[in-house]
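Undergrad: Sequence:
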Amino acid sequence: MRNIRLTIEYDGTDFSGWQSQAQGERTVQDVLAGAVSTVTGEGCSVVAAGRTDSGVHALGQVASFLSGTKLDSETLQKALNANLPPDVRVHHVEDAPRGFHPIRDSRGKRYVYLIANSDIVSPFVSRYVWHHPLALDTTAMVEAAVHFKGRHDFASF
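Per UniProt numbering, the very first residue in the sequence shown carries number 1; after that it's consecutive.
For the record, the hints were derived by calculation from the structure and aren't laboratory data. Among the hints, erroneous ones may be present.
Okay, the calculated beta carbon distance ranges per label pair [as the list claims (entries may be wrong)]:
| # | residue 1 | residue 2 | range |
| --- | --- | --- | --- |
| 1 | Gly68 | Lys149 | 40 to 46 Å |
| 2 | His91 | Thr139 | 22 to 28 Å |
| 3 | Arg89 | Ala116 | 23 to 29 Å |
| 4 | Ala140 | Asn3 | 28 to 34 Å |
| 5 | Ala140 | Pro97 | 41 to 47 Å |
| 6 | Ala116 | Gly41 | 17 to 23 Å |
The structure presented is a predicted model; accordingly, all values stated were derived computationally and were not measured. Where a beta carbon is used, it is the ideal one built from N, C-alpha and C, also for glycine.
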């Protein structure tokens, strides 16, 4: 069995988060596992480095699954993308060591929050920003940001 590592990105707007949910909920994990199963002919469990909430996007999420597929990495990437909806893309596929685990072996995560501080938000960015048309207290924001900068242990999250 191969341990296959994926680097993916997705627009989470129309997803109920990463993790599988009750029947009928669309999740990134289920969509990706479905594509893997279609391409490899195997049932599988896809594990990610982190779980995103409903409506949250990811650029560079790392995931992995075990498979006996003989497809090379490039062919597997193309086949997965051909079987995924347009709001999920696999950018990189590689064989990982057998003991690799995306959660345990994660070296860090970066979060970006975008605020549209204007009266009108362009429809081209509205899915990716928080609209806040009122004045911002930037001094308070800078003071609060100090607590988020640096390295932190978010293992319990």
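Undergrad: Which of the stated hints cannot be reconciled with the structure, identified by number in ascending sequence?
TA: 2, 4 and 6
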